[in-house]
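Residue numbers for the sequence shown follow numbering that gives the first Met the number 0, so the first one is 0 and each next one is one higher.
No lab work stands behind these hints, which were simulated from the structure alone. All residues carry an ideal CB built from backbone N, CA and C; glycine is no exception. Don't take each hint at face value.
To be verified - Taking lysine-lysine pairs in the DSBU-like style, the calculated list, with each CA pair at most 35 Å apart, reads: (1) LYS79 to LYS362; (2) LYS291 to LYS190; (3) LYS190 to LYS27.
Unchecked claim - Distance ranges between label pairs, derived from CB positions: (4) THR366 to ALA288: 52 to 62 Å; (5) ASP267 to ALA25: 37 to 47 Å; (6) ARG356 to GLU306: 23 to 33 Å; (7) PHE34 to ALA186: 40 to 50 Å.
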Amino acid sequence: MTRTAPFHPEDAATSAATLHPLRDFAEKLGRELRFEDIRSGAWHARLVTAYVRHYEARRAGTASAVRASETDALIRRASKEAALVGASAAGISTSAAMFTLDTGFVGALVAVPVAGAAMGLDTMLRSLIQARMMCDVASAFGVRIDPDDPWDLLHLNALTSGSETWEDSDHGGAGLVGRMLTEDTEAAERKLGNRLMGEGVLRNLLPFASVLTSSVTSWRHTRRLGEASVAYARYRRALDDAFSAVRAVDARCVELLIEGAWCLFGTDGVLRSEATVMLAHLLRNSPSAARKRLLERLGGDEAQWVERLHEVPEPARDAFLHALEVIAAVDLSMSNAEWLLLRQAAAALNRPLRRERVQALLKQFRTDGVVRAPQGDAFEPREGRMPSSPVAGLGADAHAAPGAMKTAVAFLAGVASGWMARSTVDNSRGAVVSVATAAFGLVAWMRRVIATEREYLSDLVAEARSRANLHQVHSRRAADSGARPVADSREGHA
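Could you put together the complete structure from these sequences and hints?
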């Protein structure tokens, strides 16, 4: 993990009204982010870590105003913001390209750095928007992200962006989970940061077309990451509750339950991104000896796991079977392979498996996103369940930092486009004509400015050349005047 300053609990006591959200986060980000991090690729991990700390400090002691079943609104908002930022950056890079074509090398000295800064800012702003979205989703499910080590968010982003990929020798995902736990974390973070920055440059290279492709790509990537975040938060909340119930009865069963999660998640052949990160999270929080044993058994025969279920103590079997039912239903579907494996596990535990109970779990996950504690069980539910208060709306989310996300570019673009649409545009044809007129006017203005600056630059060059020639003339005269007395003295001696 990239080394960062530790999170101080006193930060959480700071009132949200005492500091402006944008200034507060900017100060924290300034302490975390360095120019060297942008070059090495570590910028993404530092940026996400700084934002998670800022988010957790602002939301301390408050509950999310969004329910787990209403997280789609968070994804839509983040996708729209990412698309707007992408379109703005593509517009700047397109303008820079046209400016360079009109002015040549002199204009390129200004346009190229501006375009590069716009591309980099686009990638960083999109990462911030996605980090806020992921934190909001986790908060809606009652899942807390470690502000000093947002390992889950970084690896989920790496899997959805393609920075971490499957290999032929992964045995259904066991190899990928093992690499996530054993690889150099900082190297993986730098790889992700470099990949995201490279994608940001590529989608803004083509003038004019990049305005569309950049916005659509940003929207799609943010949407895909948001859906994976919702799925992971649902997995995390459900499995945290189920594992806590089993651990409260007999902690020795947790190792077998993790292996059961692997078997149920892998019945379809390939692990999903959220299931992969969830398994890695469970193994990462296990003791080193248990983690080593589990990594050796992952990808093994399911029949051996079913045979070991006879070792589960009698008092823990009800909680253990319920946890397996939750694991099978958390992906919102129930395949025949999962049902068959559940039946074998229930038979080994000598407990009845009721189809209506599993269907009830599926219905709760689909409608509420979370599952209520089963009635009549002897184990205790997890503390701090989701509040049942009515939703106050997205605008009531006090811990979100709209100032950090609503950038000046997006705000000015929205105000300007709205004003132009209302005051000068009557129909779609008029809108196109108005935009084209404004573009031609901008190009004409830039040409006038460049012509003026070029004339001024020509005058400077001419004056410098004149002074240089004059200096050379004076130097020759001084040399000639110094050489004549020497020649005259030699003639006198002769």
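These are the hints, each one checked on the structure:
1. LYS79 to LYS362: 30 Å, holds
2. LYS291 to LYS190: 26 Å, holds
3. LYS190 to LYS27: 24 Å, holds
4. THR366 to ALA288: 52 to 62 Å: 41 Å, violated
5. ASP267 to ALA25: 37 to 47 Å: At 45 Å between Cβs, range holds.
6. ARG356 to GLU306: 23 to 33 Å: Given a distance of about 25 Å, which is inside 23 to 33 Å, the answer is holds.
7. PHE34 to ALA186: 40 to 50 Å: 20 Å, violated
When held up to the earlier numbered hints, the structure conflicts with 4 and 7 and fits the remainder.
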